[in-house]
Structures are given as C-alpha cells and as structure tokens.
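> Need the complex rebuilt from these two chains, each delivered in its own frame; the hints are there to steer you.
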Amino acid sequence: MKQLMLGNKAFARGLYEAGCSLVSSYPGTPSTEVTEEAAKYDEIYCEWAPNEKVAMEVAFGASLAGRRSFCGMKHVGLNVAADPLYTCSYTGVNAGMVICVADDAGMHSSQNEQDSRHHAIAAKVPMLDPSDSEEALEFARKAYELSEEYDTPVIIKMCTRVAHSQSIVETGERVMPEPKPYVKDIAKYVMMPGNAIRRHPVVEERTRRLAALAEDCSFNRVEMGDSSIGIITSSTSYQYAREVFGDQASILKLGMVNPLPRKLILDFAARVDKLVVIEELDPIIENHCRQLGLEVTGKDVLPVEGEFSQNLIAEKLGLDSAPYKKLGEALPGRPPVMCAGCPHRGLFYTLNRNKCTVLGDIGCYTLGAVAPLSAIEMTLCMGASVSAVHGFNKALGEESESKTVAVIGDSTFMHSGMTGLANIAYNQSKSTVIILDNSITGMTGHQQNPTTGYNIKGDPAGKIDLESLCRSMGFNRVAVVDPYDLAQCDKVLKEELAADEASVIISRRPCALLKYVKHNPPLKVASDKCVGCKSCMRLGCPAIAMKDGKAAVDQTLCVGCGVCQQLCRFDALQSQEVE
Amino acid sequence: MTKNIMIVGVGGQGSLLASKLLGHLLLTEGYDVKVSEVHGMSQRGGSVVTYVRFGEKVYSPIIDKGQADFIVSFEKLEAARYIEYLKEGGRIVVNTQEIDPMPVIIGAATYPEDLIGKMKTLGIQVDAMDCLALAEEAGSSKAVNIVLLGRLSRYFDFPVEKWQQAIRDCVPSKFLDLNLEAFRLGRESE
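Chains as they are written, first to last, in the working numbering: chain W, 1 to 579; chain F, 580 to 769.
Here chain F stands alone, though its shape is the one from the complex (with noise of 0.2 Å):
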C-alpha cells in the first residue's frame, strides 16, 4: 500500500531538504519511491508543495485530494491550504509559525484565526508545534525542516537510528551536529 506524505511551506523554508532527506531514509529502507518538488517563480515567497509517495511499486508522482497520510507543514496557513489533500484519518504535523502572505500584508485579507481549532473540530488529528523556537534552541531557525522530520518520525515505526544516519548522508558536516539535534527536539519535545 502506498503511503503519502505532503511537505508544504512557503518558498524559501527548506522543505527541499526535509524532501531529500526523506527520500534517501526510504530509498535504504527498500521501498520504490517518488519524490516531486516545485522549482522556478513558485519558489519565491509563494506557497510550495512537495509530495513524498513510497511503497511497493509508486506510479503517480503527486499527491491528490483525499490521499496524504500526513501533512507536514512549515507553516499554519499552508496546512490549512492543504486540507483537502489529506486522508479520511490522515495526520498533520504543523509548525504554529504564522507567515503573513502578500495579501496580509497590503491589508487586502486578514490571517485566519484559530486555524488549528477548526482543523481539529474537523475530527483531523493536528500534531501542533513551535518547531522555530526549538529550531532555534538548537542552534539555528534555519533546522525547523530537521525539527519537523523529528517530530513526524514519532509516527513511523523505522529506528530512530535510521533516521539519524539519514541525516548524517544529507547534510554538510558542519551542520551535523546542530540538524541532529534539531531532530531530537522534534522527536522528543511534548
């Protein structure tokens, strides 16, 4: 059965990383994998998608309505974009981070409220952090991709090993150290 994980954010986060990461740690797990990613105007400041599938045998690249297991997201508003892509029963990790988009800004729209309330009255079980705080606890606001795969690693059974040696093959080895624990701050924090 294949499985979907969405990564969205706003351009310029990083969810490339968290894609690559992820796709290496299944790639070495033995699954057939697919991993798509937006490149080019999208990517400054707008909203960005990132579909992960693996399984036995993966054909479609994306990610449709009614299909993600998990959304992770970079961003609150971004997770309530997506909404609609995400399973009868699917999970969403999110960072409580609120990045005002263009029409915010110009006071053309108003930043929803209380978006994490309404997805949850939804019945969709919302996984709620502040990933920059404890991305910058640990060491740097730019691991809050690293600190959100810690935390979606809590739902997958592979050993925390296997994530962390993920992580070792991904990243430069200057920044090992602080992605490491970014990633265990993600993973253990309440």
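The following block holds chain W by itself, in its conformation from the complex (with noise of 0.2 Å):
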C-alpha cells in the first residue's frame, strides 16, 4: 500500500520488515522516532537506553546472541558511542546489526554539525545514505542482508531533511530471518590484543570487499542526462541537484558513501564534460575524486558550513533562481523560547537573582541562556556541566564555589552526568550540581528515561531515585526544591552554594506539556492595581507582554504556575477561580 510516511517512521518500516528483533536507542533530534516507530510493533523489542554507548552495547549484545538488532542517535550520539563501533567493526556480528546516525546540517536542534561519514571511515564500517523516506525504508531492509553477508555493523545516516520528511513509500510484508545460534567463538569476540591482531586484516580485506561491492550494488546508480555536466551526489543533495538541472545534468548518485567506488567514478567522469559534486558538510567523496586524480568543482564553491537548498545550489553553481519581494524592514527574530509554566524558568530566576556563574548542559533548559534570564554561561555536550563545574571550581578555588553551579537535566543525568558526579565525590570539590527533574526527556519530545519510572511504551519500569543514588555516591547534602517555590529556591541555593561541602539540589516538577499535568485557569490582571513595573517581565515568560503601559497575560498560553504572582508587590497578577 502506497502511504506517505516520514522518513524516520520508513526507517522504522524497514527494521520491522527485516526482522529487527531488538532496538535500543537514546533519543536526539533528528533521530528520534526512529525508535519511537519501530516501538509500536508488538513484535520488535524496544528500550530507551540510558545513553548511546549503553544502547549499541545492548544492539551488539543481541546480534552476538542471534536476533537482528538496531541502535539509533543522532550524530553527537555516535561520539558517546564510538568506543563499542571502533571495536564492533573487529568483532563483526553474529545476527545483522544495524546502526542509525542523523546528522543535523543547519544545526535545527544540535550544538555542531559533525559529519557523521568520518566515523564510518574511521571505524572501516560500510555506511548507506537514504535521500527519501522510500530509501530509507529499502536500506534499512537491505543493510541487515549487507551486514550479515560482510560480517560487520552497518551505518545508516539520516540527516535532517530525509529524517523530518514525508514522502511516499509502499510497504511489504515482515519477514523473519532464520535465527542464528550462538556460537562460542574466544577469536572473534574477545578483543583482547592477541585476537584483536588477527582480526584487524579481517577488517581490511572486508572493506576491499565492500569497495568492490560499492562499483556495482543497488545503492549506486547513474542517471545519465545531458552530458555536459555530471553531478556526484548523495542523501537529500541528489533531490536538490535534481530539482535544480532536471535532466540537464547526469548524475552519479551515491547510496552507499562508505567505502566510496572507484571504477564507477572514473566511467561516470569520462562520460561528462565537467564534474561537480554536491554533498553537504565536509568534503569526502569530492577528496576521494581528488585522490582519483580528477578534476572537480564542488567546496571551491559550495559551503562547508549548513545546510544546502535548491536555489544555494543554482547560485552557486551560476544558475537562475526565482525572483523574489521584499518587505524591506527587519522584523523581531521569534527565537525558541522556554513553555509558559515550564518549571525550569523559576529555578533559572532565582540562579540570576544570585548572580551565579551557571555552566548549562543539553536540553529545553539550553534556553535558560536566552534573555532575560541569560543565566546559562557554558553549554558544550551531554554530562559536561558536572564535570566541568568540578575543574572550574578546581582551578578558581572558594571563592568559585560559593557562585559556581551546574545545571543538568534528569535525562542528561543518567545519560552522563552520573559519572561526572562520581568525580565530584572522589576528588572532592565543593561543587554545587542542580538536577532540573522534570520527569522526562522534554527538548526530544517527552522520552521517557530511568528516573520516571516507565519504560518506552508507558508501562510501569525500574524507577532510579535520585536522591538516594546521590547520597550513596557519598554526597550528605542533598535538598529538593520546587521550582515553582521562589522563597524556597532562594533559600536553599544560598545555602548549598554556602556549605563547606559538596551538595546536589534536585529541582523538582513535571514538564508543564505532559498531559497528566493538571493546569490552574490563567491568571488575570488587575489593572487598577498595575503600575507598570515590570516586575513579572524579568521572567521571560511568553504568556506575559506589556500593553498600553500595563502587564497583560495571554488567557490561551497561561497555565496559571503563578510564578509571576511572586514577583509582584501589588497584588496586580490576580488567580481565578477554577470553574
């Protein structure tokens, strides 16, 4: 049947038609419902695994045992889980192992634009390329077949385009391999030094037979047009190139970009006048033609940097594009902003109030850096904000720890925060490290995680209680607060960041988007009372403006937290009865 499906809900497809029988992932945009889809099927195994490295460890742990597995991330996911890949690619697998990577050009929801193709190369595993959602689904098929026929982990990468959009596809039926016994085999799977020698010419001669592979396979095909040109392409690219030259270009497109071909370039290069390639990010099959000593055109005029679009490529590339209006006056940017309600915005109030010098980590709460509150001063990676208010406060001494804070979210905790907070333990800082426990993982779209107490498809699971991991990790302060509380977040961060000792406060309260939370009717304001102050405006919140001289708040985006009301001294911001 013919549907239109987003392509990481086809990638999903494609594990289930395969006979995935296991999927453990860490959700990150634009990776995420990858997993999320392929949960829906009674039949394929699925968890959230605490972080990336876990999740492919888990996927590697099935394949070895027989069943088809899958692990899914985004692109800085596959940096956590380099270590199992770099090594996996030795072992190889047992049942096919499928791996998805979604890389994030344009940076719509990531802190880099990694290319994820320099894993691939680097840890020597074959790497596929979808450029629609029918691909998606095809490639993930057919990668547990190349995975299980080469001896290796497979990659898939996804980007943002391919992953967030729909197209159509026609879907078939699941079909169950023959499970795989497993077999106890020291040589293979014990990488230990002596195995590990005899196992990295095994890796060798398997990419010497994929690139053989890659010069004749299904993933690689040309589409000869007009002769004058010839585009090599992959992923979303293709469709733009396509969209831009019709068949006024040959193209050479690429599905599988690693390894990448080499007689089927050379033919595709004598066969065209002039070659271009367009791959967004780095330039990786353009050096490899480089290597093959032809001559391109492709970073010499089109950006390393962000994403790429069909007019970018007719620009570039000295074409046409559409003629367009303008309005001809800025207009104010509408940045992302924190929820109105949303229980991070009392905690990052009062952290501003303090004047803390506040190092930030991966998630909703990024936008604490956003003004007004601009409380956030550092955000780098998932887990850094622990361990770097440790060196921070290491290398500036008490006079940083009486300011200094980390802020963390309840996911990125147990992604790595934990064993950052192990470090404050052992080596003694008297750091103060802020847990923001809003019960699930929010920026991704409300993942559960192993502090909520439920498992991927909302039934009841193991529940990891924070407080009492942190004190058995040998910290003796730990406080709860409710961020909703403004007295009570004040009062307990004076006295954290004033203790002679380490301590970790766990600000407390359920993402205000979940459903089960009850909202209060919105506030209204007295205008007679009103004096324009301003007060409430320091809190950023988006149910909040000033008209005409006085507050107003938006009766459709409050959900009545009553924040604000503490910031008032006239009794202006007024709640309602609930009817």
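Rather than coming from a laboratory, the hints here were simulated on the basis of the structure. Everything hinted at is true.
Taking CB as the label site, the calculated pair distances span:
1. W:216 <-> F:701: 49 to 55 Å
2. W:82 <-> F:699: 51 to 57 Å
3. F:716 <-> W:471: 52 to 58 Å
Using N, Cα and C, we set each Cβ at its ideal position, and we do this for glycine too.
As structure tokens, then:
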C-alpha cells in the first residue's frame, strides 16, 4: 500500500520488515522517531537506554546472541557510542546489526554540525545514505543482508531533511530470518591484543570486498542526462540537484558513501564534460575524486557550513533562481523560548538573581541562556556541566565554589552526568550540582528515562531514585526544591552554595506539557493595581506582555503556575477560581 | 508542474496537523507529495515552517525563496517573515492573530505596524481573517489550523467532500464535528 511516510517512520518500517528483534536507542533530534515508531510494532523489543554507548552495546549483545538488532542516535550520540563502534567493527556480528546516525546540517536542534561519515571511514564500517523515505525503508531492510553477508555492523546515515520529511513509500511484509545460533568463538569476540591483531586484517579485507561491491550495487546508480555536466551526490543533496538540473545534467547518485567506488566514478567522469560534487558538510566524496586524479568543482564554490537548498545550489553553480519580493524592514526574530509554566523558569530566575555562574547542559533548559534570564554561561555536550563545574572550581577555588553551579536535566544526568558526579564525590570539590528533574526527556518530545518509572511503551518500569543515588555516592547534602516556589529556591540555593562540602539540589516538577499535569486557570491582571513596574517581565514568560503600559496575560498560553505572582508587589496578577 | 504550499506559524500552534491533512488529501488525489517538518528545539515557541509540495514528481522536500504558490500563516508576523519565499503571483492566507515574540515581550523590539497593508502595497494577494475567532466559534481555539485549511481550500479545485474526508481520516472522531465546522467557517466566511 502506498503511504505518505516520515523518513524516520519509513526507517522503522524497514527494520520491522527485515525481522529486527531488538531496538535500543537514546533519543536525539533528528533520529528519535525511528525508535518511537519501531516501538509501535509489538514484534520488536524496544527500549530507551541511558545513553548511546549503552544502546549500541545492547544492540551488539543481541546481534551476538543471534537476533537482528538496531540502535539509533543523533550525530553527537555516535561520539558517545564510538568506543563500541570502532571495536565491533573488528568482531563483526552474528545476526545483522544496523545503526542509525542522524546528522543535523544547519543545526536545527544541535550543538554542532559534524559529518558522521568520518566515523564510518575511521571505524571502517559501511555507511548507507538514503535520500528520501522510500530509500530509508529499502536501505534499512537491505542493511541487514549487507551486515550478515559482510560480517559487519552497518551504519545508515539520516539527515534532518530525510528524517523529518514525508514522502511516498510502498510497504511490504515482515520476513523473519532464520535465527542464528550463538556459537562460542573467543578468537572472534574477545578483543584482547592477541585476537584483535588477527581481526584487523579481516577488517581490511572486508573493506576491499565492500569497495568492490560499491562498484556495482543497487545503492549506487548513474542517471544519464545531458553530458555537459556530471554531478556526483548523495542524500538530500541528490534531491536538490535533480530539482535544479532536471535532466540537464547526468547524475551519479551514491547510496553507499563508505566505502566509495573508484571505477564507477572514473567511468562516470569519462562520460561527462565537467564534474561537480554536491555534498553537505565536509568534502569527502570530493577528496576521494581528487585522489582518483579527477578535476572537480565542489567546496571551492559550495559551502562546508549549513544545509543546502535548491536555490543555494543554483546560485553557487551560476544558474538563475526565481525572483521574489522583499518587505524592506527588519522584523523582530522569534527564537525558541521556555514554554509558559516551564518549571525551569523559576530556578533560572533564582540563579540570575543570585548572580551565579551557571555551567549548563543539553536540553530544553539550555534556553536558560536566552534573555531576559541569560543565566547559562556554558553548554558543551551531554553531561559536561557536572564535570566542568568541578574543573572550574578546582581552578578558581573557594571564591568560585560559593557562586558557581552546574545545571543538568534528569535524562542528561542519567546519560552522562552521573560519572561527572562520581568525580566530584571522589576528587572532592565543594561543587553545587542542580538536577532539573522535570520527570521526562523534554527537548526531544517526551521520552521516558531511567528516573521516570516508565518504559518506552509507557508501561511501569524500574525507577532510579535520584536522592538515594546521590547519597550513595557520598553526598551528604541532597536537597529537593519546587521551582515554582521562588522563596524556597532562593533559600536552598544560598545554603548549598555556602556549605563547606559538595551538594546536589534536585529542582523537581514535571514538564508543563505532560498530559497528566493539571493546570490552573490563566491569571488575570487587575489593571487598577498594575503600576507597570515590569517586575513580572524579568521571567521571560511568553504568556506575559506589556500592553498600554500594563502587564497583560495571554489567556490561551498562561497555565496559572503563579511564579509571576511571587514577583508582583502590588497583587496585580490574580488567580481565577477553578470552574 | 510542482505546487508549493508553506505553512508557517509559532511552535505549538498545530501546523503539523494541517500538513498531515494536506498531505493525506494530495496523496489520495494521486499526486507525488513531499512534506517537510521541523521538530526539536525550534518547536518551543519559535518560528516554525512546514513545506508541502505536490505534482507529478517532486524532488526537493523544501521550498526556497520565490517558489511558494501559497503561504498559509498562523500568525501575522510569521507571514511577513517568510514573504521572500512567495512566488510572483503567489497568495498569502493569514490568521490576523498577533503573538508577541520574546524580543517584543522584553522590550528589545516592537511588533511591526500594519503588516497586511505593507504586504498589499507590494502587490501581494493577501487573504487575511481572524481565524482564532472562527475557531472559537467552532468550539475550540485549537482549531485555528483547520479554519486556515478551510480558507486555503477556496483556492483549489478539489471538491469540498474530499477535504471533509481528509479531516475524517486524520482527526480523532470526538473532535470531528468541531473540525468540520471550523473548516466550513474558514471556507465560507467573508
């Protein structure tokens, strides 16, 4: 049946049809929906792992046991999982193992725009690169055959525009492969030096065989058109190239981007007058062509940074694009903001008022860096707040310890904040770590995690108690605050910063967007009381604006959290009775 | 010939349902369709864009400057923000609601005056209406997306029953009547 399907959902369908039995992933935009959609198939065991390294090792374990497995992550997640990746390239697999890595050129929702193809090259594993939903489904299915035939994990690289675009797919039935028996094989699976030394040549030989496959396989194809220009491309860049050139160019479309073919490229080059490589991010295909002695146009005209589009390609290659009208005035921007009722807001307000130096982490709460709260001063990668606050305090000593904090969400803390916390406990700085526990993984769209008590299907699961965890690490001072209570937040923050030992503050209140969270009626402004002092505006709540010199509360956005009421000295922000 | 519809608004306004419905309708009409969405960080009250493209064969999933046949906007400032994406002769269908962005809220900028007038001065066809009021009349302020779709439907030749069927296929049955009414109000109001 023909269906319009999101790239990530089509990927999940491919996993299902290929008989994948186990999925373990950590959420990360733009990869999350592959796993969420896979979890809708009862035939596949699915779970959220605490981080990508764990997820990949779980998937490897299932492959070793003889069942087809999968793990999914965003580009930066593959850095976390690089350790198992580089060595399971050596061990190979038993049943097929497929990895999704989703790149985010343009950084729609990421802290960098690294090109994941480097990992595939360095780890010496094949990488497929679909250009739409249909290919996402097909490549996911075929990746298992490739994995088992060549005894290797296979990476499928998605990108934002393939992951989050819907296009038409034709679905098929689930076909279960014969289960592969687990056979004890110490020489293959125990990667101590004596065995690994023997496995490395196997990897090199496999790469040679895969390179031979790249010359003639269904993933790579030539579409001959006008031969005055020949374009080598992959992924969503293929779609832009076809949009711009139609059949006015010949195209070599690469669906397998590691290893790259040689003869196929040389033959294609011989059939066209001029060669152009169109690839987002780094010049990997381009450099390969240069190594083959070919003259190509590529990053000399096309950018290394950001996403491509049809107009960008047309413009950079000297073609006309459509004219358009301009408004001729600068418009105010609309950056993302913390939602009305977001429990993080009260805590960041408190940190701002206390002039704390705040080292931040990855999640919705990174928005604590945005005006007017402007609280967060550093964000690097998952878990870095906790480790870096220790380094910051060790470098600057007591003066810093009395005003510097780390802030990290519950899911990010489980991902890689725990190890940083262990370091504080072990190496003894008087650091203050604030866990922003909103009882969900927020930014990626509400995924469960080990602290929520529910699994990916929403069924009851194990629940890690943050207070007990911190205490068992040796923290004597573990305080819990309600971020809607500004006075309590202020009092506890001052106490813990002044304390003569390390401490953890858990700022606990569920995300305001969670369905089970009950909201109060929106607040009303008593305009006879409001003097227009703008105290409430210091919160940066999207539901409060100044209209004609007085505060106005947006009745569709306000959830009645009452944080702004605590700032109003004139009792102008008033609660309404529950109807 | 590929037709391009951009749906723009503020994160959380319901543009994903509008694009889902459009995509569903166009697929059943036998077109090749691509819909490109924004997930993640920008959804948090930021400016969001969805691209819907259909025709005999669609390649790029996105719409670029000078290419949109229609811009369907949930909010006035957002319509103005993406005006450069409109094709010569293209049309803007816009909800006249104003939602202050954070730079306006904190006083670092002011909400621009008379945006509709400025767009019309440029010779752009603008169909502006208070979709929030119509959505509330239909029974829920959340139905702005369907009111807008109703308005957009005036510019297509598909029979009204096809649109209604797409609504039936895409929204939960307990909200069906509300959404059908929102669609009717959007389509028929002056």
